[in-house]
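Please take these sequences and the hints and turn them into a complete structure.
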Amino acid sequence: GENVEQHPSTLSVQEGDSAVIKCTYSDSASNYFPWYKQELGKRPQLIIDIRSNVGEKKDQRIAVTLNKTAKHFSLHITETQPEDSAVYFCAAVGGSARQLTFGSGTQLTVLP
Amino acid sequence: EAQVTQNPRYLITVTGKKLTVTCSQNMNHEYMSWYRQDPGLGLRQIYYSMNVEVTDKGDVPEGYKVSRKEKRNFPLILESPSPNQTSLYFCASSLTQAHNEQFFGPGTRLTVL
Numbered sequence: 001g002e003n004v005e006q007h008p009s010t011l012s013v014q015e016g017d018s019a020v021i022k023c024t025y026s027d028s029a030s031n032y033f034p035w036y037k038q039e040l041g042k043r044p045q046l047i048i049d050i051r052s053n054v055g056e057k058k059d060q061r062i063a064v065t066l067n068k069t070a071k072h073f074s075l076h077i078t079e080t081q082p083e084d085s086a087v088y089f090c091a092a093v094g095g096s097a098r099q100l101t102f103g104s105g106t107q108l109t110v111l112p
Numbered sequence: 001e002a003q004v005t006q007n008p009r010y011l012i013t014v015t016g017k018k019l020t021v022t023c024s025q026n027m028n029h030e031y032m033s034w035y036r037q038d039p040g041l042g043l044r045q046i047y048y049s050m051n052v053e054v055t056d057k058g059d060v061p062e063g064y065k066v067s068r069k070e071k072r073n074f075p076l077i078l079e080s081p082s083p084n085q086t087s088l089y090f091c092a093s094s095l096t097q098a099h100n101e102q103f104f105g106p107g108t109r110l111t112v113l
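Protein chains in written order, with our numbering: chain A, 1 to 112; chain B, 1 to 113.
It cannot be assumed that every hint is accurate.
Said to hold, decoys possible - Listed next, the stretches of chain A that the computed footprint assigns to chain B, with coverage defined by at least 3 CB atoms under 8 Å from CB atoms of chain B: (1) 1-10; (2) 33-46; (3) 70-81.
Read the hints as simulated data drawn from the structure, not as lab findings. Cβ atoms here follow ideal geometry from the backbone N, Cα and C, with glycine treated the same way.
Structure below.
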C-alpha cells in the first residue's frame with residue numbers, strides 16, 4: 001500500500017518568516033494530495049490540496065508544490081503568524097480513490 | 001448545520017468490555033472512514049466505506065469492526081478492547097471517494113485500562 005513520509009516532525013520559525021514542510025509518497029498511481037491543519041484539541045481541517053495534473057497551487061499565504069517524478073510534495077507558508085501554530089498533516093490518495101494515507105505530522109510553532 | 005458528530009467524546013473502559021463509538025453525518029456523503037491518532041504516528045485509517053453496505057479495511061483494522069447500514073451512520077465497534085487501542089479516534093466523511101475534502105468529527109478519546 002501507500003507510504004507517506006513527512007519531515008520535519010517539529011519546526012519553529014520566527015513570526016514573519018517562511019515555513020516549509022516536505023512529504024514523499026511511494027505509490028506512483030497516487031493522484032490527490034491534501035494538507036490538513038490540526039489546532040490543539042481540535043479536529044483536522046483541510047487547508048489546501050493539489051491533484052496530480054497540477055504542479056503548484058496557491059491560496060493567499062499558503063502554497064503546495066508537487067513533483068510527480070520525484071514523488072514528493074511540499075507545503076509552503078509565507079509571512080507566518082502565531083495563528084499558524086498547529087500540527088500539519090500531508091496525505092496521499094491512491095489511484096483507486098479508496099484510501100487516504102497520512103504522514104506522521106509536523107508541529108509548527110511560530111515564535112512572536 | 002452541516003456536520004459530523006461522534007459519541008461519546010470521552011470514554012474510559014476496561015479490557016474486554018465491548019463498546020461502540022457512533023458516527024453520524026448530515027451531508028448525504030457517500031464516503032466515511034475511521035482513523036486513530038497516536039503521537040508520532042499521525043492519522044491511520046482503520047476502516048472506510050464507499051457507500052451503504054460497502055466497507056473495507058484500512059491500514060490498521062485489527063481489533064475493530066464497522067457497519068454501514070444507513071448512509072448517515074458509520075459506527076466503530078471494539079468487540080474486546082485492549083490497552084493498545086487507547087487512542088484518539090476520528091470519524092470523517094466526504095462527498096464521494098477519498099479524492100474529496102474529508103470532514104472530521106470532533107474526536108473520541110478512548111482509554112482502555
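TODO: Could you tell me which of the numbered hints above are not met by this structure, giving the numbers in increasing order?
DONE: Per hint list: single violation, 3.
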